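K.L.:
Once you've looked at the hints, go ahead and assemble the two chains, each given alone in its own frame, into the complex.
One letter stands for each residue in the lines below.
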Amino acid sequence: MAKSPIERFSTVFLVAGLSFFLFSFVSSGLVPWLMMNKIPTQSLDDLAKHIPKSFYKLAADYPQEFKLYYGEPNAASFKEAISLGRDNYIAEACWHCHSQQIRPISNEPQRWGKVSTADEYQNVLQMPQMMGTRRVGPDLFRESERRSNDWQMAHLFKPTNVVPSSVMPEFPWFFSADKHPNKRGLAVVAYLQWLGSWAKDSTDEMIQSIPKDNRASIQ
Amino acid sequence: MSIVNVGALPKTSEGSSLVDKWMVKAHFIAGISFFFLALLAGLVFSTQFLRNYLFPGIEVLSPGRIRMIHTNMAAYGFLANLFFGGLYWAVPRLTGERVWKRSVSIFLFWAWQTILVATFVGQMFGYAQGVEWAETPIFIDPVVVIGVLLMTVNFYVPILRTKEKPLYVSLWYFTAAFVWTGLVYIMGNYLPQFFAPGVAGAAIGGLFIHDLVGLFVTPLGWGMMYYFVPLILKKPIYSHALSLVGFWGLAFFYPLQGVHHFLWSPIPMFVQYGAVTSTIAVEIVVTTVIVNFFMTLKGNGSILKTNIPMRWFYTGMILYFTTCLQCAFQVTLTLQQIIHFTDWVVAHAHLVMLGVFGFWLLGVVTHLWPKVTGREWFSLRLNAWHYWLTAIGTVIMFGDLTIAGLVQGFSWRSLQIWEQSLTASMPFWMVRTFAGTMIVLGQMLWVYNLYRTAKNPKRLGSEVPMLNLEHELAPASMTNPTIAL
Ligand code: HEM
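If you're matching them up, the sequences are chains U and G in order. Heads up, the first sequence is in my numbering, so the first residue is 1 and it goes up one at a time. Heads up, the second sequence is in my numbering, so the first residue is 1 and it goes up one at a time.
Pulled out of the complex, with its shape left as it was, chain G reads as follows (with noise of 0.2 Å):
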C-alpha cells in the first residue's frame, strides 16, 4: 500500500490547514451511503424481470420509481459525492490555495444531501420529472443549478488565485467539468420540459444524457487519474503533448455526440450523421489518452500488485477503452438496428458508470481513506477482496446484457411474438441479479473495513517523514516530462 507516503498537509500562509479533511470525508461517506442506496435500488428493481418483485403492491416503491430513483442516486448521490470530496483533497493541493469558503462547503454538503433526499422522496411519490437523467422533480431543479453555480465558485477561486502557472493537466479537465455541468443541467432540465418539444427535445435529451456523462462525470474523472496516478507512481505523466490532444479532442467532439441516443429517429438525419461521426472520431482521442496512462505505467507494472486505488485506476482505464471502442461499433446505424433499446445499452451503461467512473472512486478512496481518517488499515485483504468482487461481479454483468441485447434485438427483429424475447432473457437476468449481489457483497465488506479503519487505534505513521510530496510533485514538474524525480 502507498500509506506510507503520506504528505503533510501544506500549511498555508496563515498556518491553517490547506484541505479540509472534514470535507473530503463527508462527501466520501455521503457518497458511499447513496452507493448502498443506487445499488440495493437496482438489486430490487432487477427482481422484478425475474417475475418476484420483492415489494410488489406497494405504490411508493414501484418498480419504475425505483429503477429512476436507482439511476439519479448512482449519478447524483454516488458519483457526485465522491468527486466532490475527491475535489476538496486535489484542488487545493494542486493549487496551494484553500477552497474558497468553508462556510460555502459546508452548506454545499447539507444542500447537496438535502437535494437528494428530497429527489428520492420526490421520486417514490410519483413527482418525477420524464426526462432521462433529469428525474429530479421540476421544482428541485433550481436549488441544483444555485448548488452547481456556487460549487463553481468555490472551487474556481483557488484555480484563479494559483500562482503555478500554467495550470497542470487536472485543472483543464476540473475548470471545464463546472462550466459545462452548470451549462448542461440548465439545457437538459428546462429545455425539453417548457420549450422544446417532440423531436427538438429529443435532440436535447440526447445531448444532456450525454453530456452528463462527457462533460461532467468524464472531465472530473480524468482529472483525478491525472493527479492520482503520477502522484502514486512518483513519476510524471509520459507525454505533455498527448495529454494536450487528449484534453482538447475530448472538449471538443464529446459534446457533439448526444444525438446518438435517437438515431433512426425522426431528427433529421444529418444530425445524426454528425452525431455518428464525432462518436467515432473521440475513440481515437481516447486512445491517446490510454496510450499516455499506460505509457506511465510502463516500467512499473508490478505495483498493480501491491497497491490496490492503481489496481482501481487501470483496470477502469482498461474498461474506459473496453467501452470507447464498443461504442464506436455499436454507434453505426447499422449495429443500431439491433441493439438499441435493448439490454446491449443497459451493458454499456454499467460498464461506464460503475466499471470505469465507478471504479476510479473506489480507487480514491481507498487510497485516501488512511490519510484523511489518520489511521492504517485495518485490512488490507479486505480490500483486494472489495476488488475482486466488484470487477468480477461487473465484467459478469457486462458481458451478460451484451448478449441478452443481442438475443433481444434479433427475436424482435425476427417477428417473434413479445414474450418470446421475455423468455428468452429471463436466465440472463437471473444472472444479472446474481452479479449484483457479488457487488453489494463487494461493497459490505470494503465499508466494514472503512468503518474499522476509521476506528483502529494504530495511528498513520506519525514517525514516517513528511515529505510534503505532493505538493513538491505537483504541478510544474509533472507536466514536464524530462524532470526525473
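Isolated chain U, as found in the complex (with noise of 0.2 Å):
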C-alpha cells in the first residue's frame, strides 16, 4: 500500500488540483481571450462616438424628464444613461430571460437580424459580457429601433398592457408617482435602444455605398 504515489495528498493537489485546472484555463480561457484581444476593446468614450439616432429621439420625445435627469442629449449624456441603464439590466436580471447572442442557427437571423460576432461585444459594457444562457424573453441584440420609445416606456411599466400574454414583471419604480420616466427608465430605454444600433447604422451605411438604382431591392 506504502507505494502508492497518486494516492497522495501532495499528487492530488499539484496534478488534479492545480495542474489539470490551469491546463483548462489555459485551454479554454486563456486562448480565446488571447485571440481576442486583437480587436481592441471600446471604452465609453469610444462607445459615444456613435450615439444613436434613437438617443436623441428619446430626449426628444421626453424633453422635460430628459432635460433634468440627463440636460441635454450629448457625449456626456450619453455615457450616463447607457451606463446607468446597463447597471439597471443587471441589477433586475433581465439578462436571465433576455439573451443578447443571435445564433447561426435555428432561424435566429430571420427573427432578429445579423448573428452576432465578437468584434461586437468588445467594450467596456459587456464587462461582464451579457449574452445570457436563457430566454424566456426574445434576444435583445438588435433591439436598437425595433420599438418606439413609447412602447417600450409602457412595456416596462407594464407589460401585459401592451402584450396580454406577456410573463415579464412589470418595472414601475422606473417612473416617478405621476408614470413618467425617471431616470432609471430613461436610461433602460436608452440601453435597450442602443443595443444594436451600431449594426443598424453599418447597414444603413452599406446601403448609402450600394448604386441608387439597385437599393430597392434590398431595402
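No wet-lab data here; the hints were simulated from the structure. Worth double-checking, as some hints may not be accurate.
With the Cβ distance kept under 8 Å, some of the chain U side facing chain G (calculated, not the full set) [stated by the list, open to error]: (1) A16; (2) F20; (3) S24; (4) C94; (5) S165; (6) W173.
If you're wondering where the values come from, they're calculated on a predicted model, not measured in any experiment. Just so you know, even glycine gets a beta-carbon here, dropped at the ideal spot from N, CA and C.
P.N.:
Below is the structure:
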C-alpha cells in the first residue's frame, strides 16, 4: 500500500488540483482571450463617438424628464444613460430572461437580424458580458429601433398592458409617481435602443454605398 | 434505519472528541434554513410565469432579483452549508485528526452565514454582479475568497497530519475540491468583471458556471458517497481501480467543458469542439463510477427498502447517471440548436442541483441527524414521506420542463410569434409550480421531524455496544477490496 504515489496529498493537490485546472483555464479560457485581444476594447468614450439617432429621439420624446435628469443629449449624457441602463439591466436580472446573442442557426437571423460577432462584444459594457443563457423573452441584441420609445416605456411599466400574454415582470419603479419615466427608466430605454444600433447604422451605410438604382431590391 | 450502528466518537490522544458535533449541527441547521429560502424564492419566482406574481410592484421583491436569490441561496446557502456540515463529520473520522482550529471553524460558520445574508440583501437592493452564479455583490467577493482559503486550511490540516496513508478515495475528492473551489471562485468573479470583456469573458464565465458544479459540488458530493455508502453497507467499495479511474477521469475532463454553455456563440469554434468532446468523454468516466457503486450495492439491494439515507444516495446516483447521459446528447451542436436557451436546460439544472447533490445531502443529514443530536428518530414514516414527496416532485419538474424546453425550441425555430411560445409553455409552468409545492411540503414534514427528533426524550441507544465502527472501517480496509468485513 505504501507505494501508491498517486494516492498522496501532494499528487492530488499538484496534479489534479492545480495542473489540470490550469490546463483547462489555458486551453479554454486564455486561448480565446488572447485571440480576442487583437480586437481593441472600446471604452465608454469610444462608444459615445456613435450616438444612435434613437438617443436624440428619447430626449425629444421626454423633453422635461430628459432635461431634468440628463440635461442635453450629448456624449456625456449618453455615456451616463447607457451605463446606468446596463447597471439596471444587471440588477433586475433582465439578462436571466433575455439573451444578447444571435446564433447562426434555428432561423435566428431571420427573427432578429445579423448573427452576432466577436467584435460587437469587445467593449466595457460587456464587462461582464451579457450574452445570457436563457430566453424567456426574445433576444435583445438587435433591439435598437425595433420598438418606439413610447412602446418600451409602456411595456416596462406593465408588460401585459402592451402584450397581454407576456410573463415579463413590471417595473413601476422606473417611473415617477405621475407615471413619467424617471432617471432609471430613461436609462434602461436608452440602453435598449443602443443595443444593436451599431449594426443598424452599418447597414444604413452599406445601403448608402450601393448604387441608387439597385437599392430597392434590398430595402 | 441504520441508527443502531452509531459508533462511539473516537477520542484523540488528548481525550477530547474528534468530531465537533456542534459544527455539524450548526451547518445543517443553517443549510436547511437557506434551503427553505431558496425553495420559497423559486416558488415565488415561478408564479411570475403564471402571470400572477405574488408580490407585484415591490421593488426589492422584483422577480428577477428573486431569481438570483433562488439560485445563489441554493448553491451557497443550501448545498455549501450542508457540505461543510458533512465535512466536519467525515474528515476528522477519515483522518483520525481534528480540524485545524475550533475558533476558526466557529468564525467561518458565522462568516459564511453573514456572507449569505449580505448576498441576499445585496441582491434585493440591486447590487447583484452580472455574472451567472457569481451574482454575489462585488464588494462581498473578497470576504468569500478569504473564507474559502481559511476553510481550505481548516480541512487540509487533518488531511496532512493523518497517519493513514495512502489517502482514502473520499480524501482525494475533498483535497482537490478545496484547491479548485478557491481558484474557480477567483477566476469567475474577477476576470469577466474587470479584465476579460465580451467573448473572452463568456468563455471564462462558461468555465465558472461549469466548474462551480463540477469542481466544487461534484467532488464534495462523490467524496461523501465514497465515505457513507461503504460505512452503511459495512463493506468496502467494489473496485479500487474503478475509484481511481473515476477520480482522475473527472479531474481531467470536467474542467475542460465550460465553454459548452456558449455553443454556437462567437467563441472560436475549435474551443467549442473541445468542450463538446470532453463533455462526451466525461460520460464514460461517470459510467465507471456508477458501475462501481452499483456493484458495491449488489447483494444488499434490499437495504434501499429500509434505509432512507441509502435510498437518497442511490436515487441520486440514478439521477446522476441520467443527467450525465442527457448531457452527452444535449451538448451536441445538433441538439443545441433546439434546446439551448429553453426550459430544457432549467430542467437539467434542477436534476443536477436538487436531484443529485441535493438528494445526497438530504441523505447525509438524515443519516447523521440522530448521531449529532443523540436522539432517536421521532418518526421514520415522515422520513419516507419526505423522500417520496421530494423525489416525485423533482422527477415531475424535470420531465415537465424538459418537454417544455422542446416545445419552446421548436416554436422559436418555426418563427412563430414569441407570445406563442409563452402560451404553449403555460401548462408546463403550472405543473412546475405544482411540483415545487410538493417539494416544499416534503421539506416541511422533514423539518418537523428533525425538530421533534432533536426534542425526543428517547436518547439514542446508549445501551447499544459502541462499535467504533466508522473509524475502523476507514481508510485502509475500505480501499482494499479483498478485506472482508
Ligand atoms: C420549490 C422548488 C423549486 C422551484 C419552484 C424552482 C423554480 C425555479 C425557477 C422558476 C427558475 C428560473 C427558470 C427560468 O429562468 O426559466 C429556477 C432556476 C434554477 N433553480 Fe430552481 N426551483 C426549485 C428548487 C430548486 C432547488 C432545490 C435548486 C438547487 C438545489 C434549484 C436550482 C436552480 C438552478 C440552478 C436554476 C438556474 C437554471 C438555469 O439558469 O438554467 N432550484 N428555479
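K.L.:
Does each hint fit the structure? Answer for all of them.
P.N.:
Now the hints, each set against the structure:
no. : hint : in the structure
1   : A16  : 4 Å, holds
2   : F20  : 5 Å, holds
3   : S24  : 3 Å, holds
4   : C94  : 6 Å, holds
5   : S165 : 5 Å, holds
6   : W173 : 4 Å, holds
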